[in-house]
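The hints should help you fit chain L onto chain U, whose structure is shown.
Given next are the chains, with one letter for each unit.
2 protein chains.
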Amino acid sequence: MIHQIQNHRSIRKYKPDQIPAVILREILRAGMRASTTGNMQVYSMIVTTDTILRERLWEAHFRQDMVKMAPIHITFCADFNRFNQWCRLRNAEPGYDNFLSFFTGAIDALLASQNVCIEAENQGLGICYLGTATYNSDKIVDILELPNGVVPVAAIVMGYPDETTGLTDRLPLESVVHYEKYKEFTGEEIDSIYYERENSEQTKELLNTNNLDSLARIFTDKRYTKKDNEFFSEKFLEVIRKQGFLP
Amino acid sequence: MIHQIQNHRSIRKYKPDQIPAVILREILRAGMRASTTGNMQVYSMIVTTDTILRERLWEAHFRQDMVKMAPIHITFCADFNRFNQWCRLRNAEPGYDNFLSFFTGAIDALLASQNVCIEAENQGLGICYLGTATYNSDKIVDILELPNGVVPVAAIVMGYPDETTGLTDRLPLESVVHYEKYKEFTGEEIDSIYYERENSEQTKELLNTNNLDSLARIFTDKRYTKKDNEFFSEKFLEVIRKQGFLP
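Chains as they are written, first to last, in my numbering: chain U, 5 to 251; chain L, 5 to 251.
Since the hints were derived computationally from the structure, they do not count as laboratory data.
Among these hints, one or two may not hold up.
Here are some chain L residues the structure puts well away from chain U; computed CB gaps all over 12 angstroms [stated by the list, open to error]:
| no. | residue |
| --- | --- |
| 1 | ARG58 |
| 2 | ASP69 |
| 3 | GLU209 |
Quick list of in silico lysine to any residue cross-link-like pairs, SDA-like style, CA-CA up to 20 angstroms [what the hints assert, rightly or not]:
| no. | chain 1 | residue 1 | chain 2 | residue 2 |
| --- | --- | --- | --- | --- |
| 4 | L | LYS187 | U | VAL51 |
| 5 | L | LYS208 | L | ARG221 |
| 6 | U | LYS187 | L | PRO151 |
| 7 | L | LYS185 | U | ILE56 |
| 8 | L | LYS208 | U | ARG94 |
| 9 | U | LYS72 | U | ILE23 |
| 10 | U | LYS239 | L | ASP101 |
| 11 | L | LYS230 | U | ARG92 |
| 12 | L | LYS185 | U | GLU149 |
| 13 | L | LYS239 | U | ARG245 |
| 14 | U | LYS231 | L | PRO251 |
| 15 | U | LYS187 | L | ARG60 |
| 16 | U | LYS185 | L | ILE23 |
| 17 | U | LYS19 | U | LYS72 |
From the three backbone atoms N, C-alpha and C, an ideal C-beta is built for every residue, glycine too.
Extracted from the complex, chain U is given alone in its bound form:
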């Protein structure tokens, strides 16, 4: 397996060292080699290094320390703005103000982001995805001045790592792979899939600290609650609408 894929770790502590322009450019070029629908390249990568802008992004990303620490912040957007402008300049009437087009742009953006991350690690850098790019997407639209046709779908921080971390555990391969068709799991299979994770020392500590009786409740009651998910769903749909992809 490609070394960088096998050994990916999310890095949350960064040195202040700047990234040489030539290396950054190589990483961004790697993003551009990813597959893109019909070669339309309907995405953009917004590279933010300015301290004041990064401080505002840090607020939008729930004040996670790593956003301030890492010298580079990249926001990946579904982006039909440039494509629409090109169409209009050529007397072609763009028909991309709809959800399918938004999702097409999101796919382009996410495939490019993964190339960027793998190449960043190839260049000795660390990265971490910010799951929060879709949560406060309205704020990110404001901060980065995203025009109609542009919606943020992912963000990463990037820099030289200032920590060494172990590989994150994953469920067994059989929990995410289905052969031929989808196959529902039995209760016993679910028990088996989650056995190792539920019985780790890390989980025991987490349950003690949170005074909860199951790891699943750490997710449902603490980390990814129904209330938050519903609140941020509305906000995200509103941004998709405001940026012109939903009626």
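For chain L alone, kept in the frame of chain U given last:
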């Protein structure tokens, strides 16, 4: 730059040769090493090799030849089904029947898909994304028997290449990268960005064949029309709703 990233080509002609199980497993494991939100792994990869199922998928993907030719078809899905089942078995009430959760699963699925593609190329295979996974997602749900909580977001075909192709042209890096904040393009910049593509021999042939006067109109009038986009937007939103992610 990592060789496989630099040299990616979409492959549309395949040899009938089967892919050894050990190689396929390594490729799928590469998918599982991609970043995933909160380590929830809310996605799935459905690997289809059965001829009859692949014929039905070929229909759903607008009968593109490569779907029949390639020995392996992988459908990447946003998937909260397994996670919800686990939560319920542990007396935790999942709150993932909303759009944000769908999109979270879609991000997981798409990052995994890109790892799978890069590792497939590392193993000497070729791949091609099927942009049509979201178009006839209702049919794919039927064919692969996807339960509530599961939505297809991307699909690829994979196999040993039976063609050699050149690298696809891309717009200049500056067309997809913005520094600090988003910067709108001037008309002159758009002209410059698209100059090479619009003036290539390939484009001239395409315009002659289609009797159109601009490359942009190939996209708006032929390949990605407003009418199709609106039709498939409704279908895709309906699938997202039916699978439990929209009210």
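- Query: Is U:LYS19 close enough to U:LYS72, meaning Cα to Cα at most 20 angstroms?
  - Reply: OK: U:LYS19 and U:LYS72 at ~11 angstroms, within 20 angstroms.
- Query: Holds or violated: L:LYS208 with U:ARG94, Cα cutoff 20 angstroms?
  - Reply: 15 angstroms, holds
- If you draw a straight line from the CA of U:LYS187 to the CA of L:ARG60, is it 20 angstroms or shorter? OK: U:LYS187 and L:ARG60 at ~18 angstroms, within 20 angstroms.
- Holds or violated: U:LYS185 with L:ILE23, Cα cutoff 20 angstroms? With a Cα-Cα distance of about 19 angstroms, the restraint between U:LYS185 and L:ILE23 holds, given a limit of 20 angstroms.
- Query: Given the hint that U:LYS239 pairs with L:ASP101, does the C-alpha gap stay at or below 20 angstroms?
  - Reply: The given pair, whose Cα atoms are some 15 angstroms apart, holds under the 20 angstroms limit.
- Message: Checking one constraint from the list: CA of L:LYS187 to CA of U:VAL51, max 20 angstroms. Satisfied?
- Response: 12 angstroms, holds
- Message: With the threshold set at 20 angstroms, check whether the alpha-carbon distance from L:LYS230 to U:ARG92 stays at or below it.
- Response: 14 angstroms, holds
- Query: Within a Cα-Cα threshold of 20 angstroms, do U:LYS231 and L:PRO251 meet the stated pairing?
  - Reply: It holds: about 15 angstroms lies between the C-alpha atoms, which stays within 20 angstroms.
- Taking the minimum C-beta separation from L:ASP69 to chain U, is that value above 12 angstroms? Fine: 17 angstroms to the nearest Cβ keeps L:ASP69 off the interface.
- Evaluate the condition: distance from the CB of L:GLU209 to the nearest CB of chain U exceeds 12 angstroms. 16 angstroms, holds
- Query: Hey, U:LYS72 versus U:ILE23, does the alpha-carbon distance stay inside 20 angstroms?
  - Reply: Roughly 15 angstroms separates the two Cα atoms, so the pair holds.
- Task: Starting from L:LYS185, check that the Cα of U:GLU149 is at most 20 angstroms away, please.
- Result: Holds - the C-alpha atoms of U:GLU149 and L:LYS185 are around 6 angstroms apart, at most 20 angstroms.
Hint 1 from the earlier list is the only one contradicted by this structure; the remaining hints agree with it.
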